[in-house]
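Novice: Residues per chain are reported as follows:
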Amino acid sequence: MAEDTNALLEIEDLRVAFRTPTGVVEAVRGVSLAVARGERVGIVGESGSGKSMTGRSVLGLIRPPGEMRAARLSFDGQDLRSLPERRMRRLRGRRLAMILQDPTYSLNPVMRVGRQITEAFRTADPSLSRRAARDRALAALARVRIPRHDVARVYDAWPHELSGGMGQRVMIAMMVALGPDLLIADEPTSALDVTVQMQVLAILDDLVRETGMGLMFISHDLNLVASFCDRVVVMYAGRVMETCAAADLHAARHPYTRGLLAALPSIRGSHGDLPVLARDPGWLEGAPA
Amino acid sequence: MIAIEDLQVTFQAGARTVRAVRGVSLSVAPGEVFGLVGESGSGKSTVLRALSGLNPDWTGRMVVAGEDLPPGRRRPKAFHKRVQMVFQDPFASLHPRQTVDIALSEPLRIHRMTDDMDGRIERVLTDVGLDRSFRFRYPHQLSGGQRQRVAIARALILEPAILLLDEPTSALDVSVQAEILNLLRRLRAEHDLTMMLVSHNLAVVGHMCGRMAVMKEGRVVEPLSVAQLRAGTVADPYTRQLLRAAEGYDRAVAAETLDGSPGFGGGA
Numbered sequence: 001m002a003e004d005t006n007a008l009l010e011i012e013d014l015r016v017a018f019r020t021p022t023g024v025v026e027a028v029r030g031v032s033l034a035v036a037r038g039e040r041v042g043i044v045g046e047s048g049s050g051k052s053m054t055g056r057s058v059l060g061l062i063r064p065p066g067e068m069r070a071a072r073l074s075f076d077g078q079d080l081r082s083l084p085e086r087r088m089r090r091l092r093g094r095r096l097a098m099i100l101q102d103p104t105y106s107l108n109p110v111m112r113v114g115r116q117i118t119e120a121f122r123t124a125d126p127s128l129s130r131r132a133a134r135d136r137a138l139a140a141l142a143r144v145r146i147p148r149h150d151v152a153r154v155y156d157a158w159p160h161e162l163s164g165g166m167g168q169r170v171m172i173a174m175m176v177a178l179g180p181d182l183l184i185a186d187e188p189t190s191a192l193d194v195t196v197q198m199q200v201l202a203i204l205d206d207l208v209r210e211t212g213m214g215l216m217f218i219s220h221d222l223n224l225v226a227s228f229c230d231r232v233v234v235m236y237a238g239r240v241m242e243t244c245a246a247a248d249l250h251a252a253r254h255p256y257t258r259g260l261l262a263a264l265p266s267i268r269g270s271h272g273d274l275p276v277l278a279r280d281p282g283w284l285e286g287a288p289a
Numbered sequence: 001m002i003a004i005e006d007l008q009v010t011f012q013a014g015a016r017t018v019r020a021v022r023g024v025s026l027s028v029a030p031g032e033v034f035g036l037v038g039e040s041g042s043g044k045s046t047v048l049r050a051l052s053g054l055n056p057d058w059t060g061r062m063v064v065a066g067e068d069l070p071p072g073r074r075r076p077k078a079f080h081k082r083v084q085m086v087f088q089d090p091f092a093s094l095h096p097r098q099t100v101d102i103a104l105s106e107p108l109r110i111h112r113m114t115d116d117m118d119g120r121i122e123r124v125l126t127d128v129g130l131d132r133s134f135r136f137r138y139p140h141q142l143s144g145g146q147r148q149r150v151a152i153a154r155a156l157i158l159e160p161a162i163l164l165l166d167e168p169t170s171a172l173d174v175s176v177q178a179e180i181l182n183l184l185r186r187l188r189a190e191h192d193l194t195m196m197l198v199s200h201n202l203a204v205v206g207h208m209c210g211r212m213a214v215m216k217e218g219r220v221v222e223p224l225s226v227a228q229l230r231a232g233t234v235a236d237p238y239t240r241q242l243l244r245a246a247e248g249y250d251r252a253v254a255a256e257t258l259d260g261s262p263g264f265g266g267g268a
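Chains as they are written, first to last, in the UniProt record's numbering: chain B, 1 to 289; chain G, 1 to 268.
Keep in mind that a hint or two might mislead.
Heads up, incomplete: computed chain B residues facing chain G, CB under 10 Å, no partners named [as the list claims (entries may be wrong)]:
| hint | residue |
| --- | --- |
| 1 | G48 |
| 2 | M88 |
| 3 | T123 |
| 4 | C229 |
| 5 | D273 |
Simulated from the structure, these hints should not be mistaken for laboratory data.
Quick caveat: nothing in here was measured; it's all calculated off a predicted structure.
A virtual CB, placed ideally from N, CA and C, is assigned to each residue, including glycine.
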């Protein structure tokens with residue numbers, strides 16, 4: 001996959017380590033993956049698997065004491081490893097965007113929603129007039145399927161006046177209106193109720209279909225990733241255990257993936273004890289299945 | 001074991017009165033595991049908190065083990081020995097500067113169960129699957145699953161008859177969730193416990209409970225047996241929506257939910 005020339009994002013042998021007083025912690029240990037245009041790639045794993053660090057690496061957000069190395073890290077043909085911070089900053093927001101789990105922490109609590117969106121637009125394009133920025137912001141909000149009669153209200157609202165689902169739509173509206181080629185969504189719906197989660201996913205789904213945006217969807221939820229993404233990368237302890245088509249996840253071959261799937265309670269499953277995942281130390285080092 | 005009739009709970013949020021629970025009635029038989037399912041703001045946790053005495057402003061009737069609960073927050077000490085609660089976040093529910101030993105011995109002191117404290121602590125640790133080396137550790141030296149085991153041990157050490165569980169596995173990874181759910185099932189059988197389990201996760205409730213109530217906006221929209229849940233024979237459209245959402249993303253279903261969705265409110 002990493003040799004795929006159509007890939008929008010190519011990662012090869014990515015390593016992230018943190019130097020701590022008690023030793024070096026290796027969060028990501030040789031991850032290779034690729035995301036094509038219009039492709040939804042899910043990265044699943046439990047906490048500590050390195051899935052979020054992989055996403056942050058792409059945006060150049062690993063800060064000291066963290067250190068990142070990769071044999072290859074390229075976005076649309078540009079080598080991100082050697083890009084100066086100034087040019088990286090220009091990419092972030094415009095062509096590479098990220099949304100996080102909880103919109104409450106991503107929105108500035110003391111600035112009205114509309115002002116935050118227009119500010120993002122005018123930073124990306126300083127020639128944009130106030131009025132044009134406002135028009136674009138309203139259009140962006142309408143695009144994430146905020147009902148027409150609510151758009152003006154959301155624009156004038158303070159972040160605390162929004163529900164979690166609406167806050168996440170605002171974040172998506174802001175990121176997506178800048179027209180990124182690649183969106184990295186780190187647990188974008190985990191803080192949301194299931195019905196709202198469906199709505200936010202439908203919006204992301206629309207965007208991928210309509211604009212050909214590539215999506216890296218980071219999640220701990222196997223069922224969700226299997227049903228939403230095109231391809232799934234399963235991570236454990238900083239390494240890729242298995243990559244497969246999302247539709248085939250339930251027929252996964254790696255014992256780790258199978259163990260995770262078996263540990264999930266299900267509505268129609270048996271009422272007996274759930275199979276507990278037995279971790280094989282070999283998964284830490286062995287070659288991916 | 002537990003009977004709740006027409007429970008109403010209100011909060012004062014500034015000048016606004018929020019009616020979090022609007023007339024909930026349910027009953028739980030001895031030894032049963034009863035589930036409350038719903039989304040955030042549905043009032044499911046508030047029912048549990050009113051029962052345990054954490055939400056004082058309630059009206060209606062609550063009977064536990066044949067005794068009517070007095071209004072307000074005050075509960076006789078014997079009540080707390082009989083009814084214990086486990087919360088969602090084991091990172092927040094354990095004092096960061098107290099060892100497991102202190103967390104477990106404090107309830108014993110409060111309830112004057114000071115005979116054989118060492119034995120009680122060691123037995124309860126074994127019960128929740130932790131060896132004695134955990135006794136003098138601090139919360140930061142434990143994983144999330146181990147912390148939740150300690151929180152369960154703290155509830156169990158008073159030998160309660162009823163365990164109230166508020167999203168006990170929502171903060172845990174799925175492999176750890178499976179361990180904790182198995183532990184709770186084993187403890188229920190071994191200690192003859194009655195449980196009320198609150199969760200937003202239909203699969204968790206379906207796995208653990210025999211009967212459940214689906215809540216929305218402070219009311220029970222539908223009481224369900226696990227057989228109905230498994231067969232998918234649910235009557236209320238909201239329950240059906242939850243059930244479909246639990247099965248993963250479906251573009252057609254998602255498109256339906258997009259139209260006329262509420263924009264404001266929620267959160268609480």
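Novice: Can we keep the D273(B) interface hint, with Cβ of chain G closer than 10 Å?
Specialist: Hint on D273(B): holds, closest Cβ of chain G at ~5 Å, below 10 Å.
Novice: Let's test the interface hint: is any C-beta of chain G closer than 10 Å to that of T123(B)?
Specialist: Violated - the Cβ of T123(B) stays beyond 10 Å from chain G, reaching only about 26 Å at its closest.
Novice: Answer holds if the nearest beta-carbon of chain G is closer than 10 Å to that of C229(B); otherwise answer violated.
Specialist: Since chain G brings a Cβ to about 9 Å from C229(B), closer than 10 Å, the hint holds.
Novice: Against chain G, is M88(B) within 10 Å by beta-carbon distance?
Specialist: Status violated, d = 32 Å.
Novice: Under 10 Å, Cβ to Cβ, is where G48(B) needs to be relative to chain G, so tell me if that hint holds or is violated.
Specialist: Nearest chain G Cβ about 9 Å off; hint holds.
Violated hints, in rising order: 2, 3; the structure is consistent with all others.
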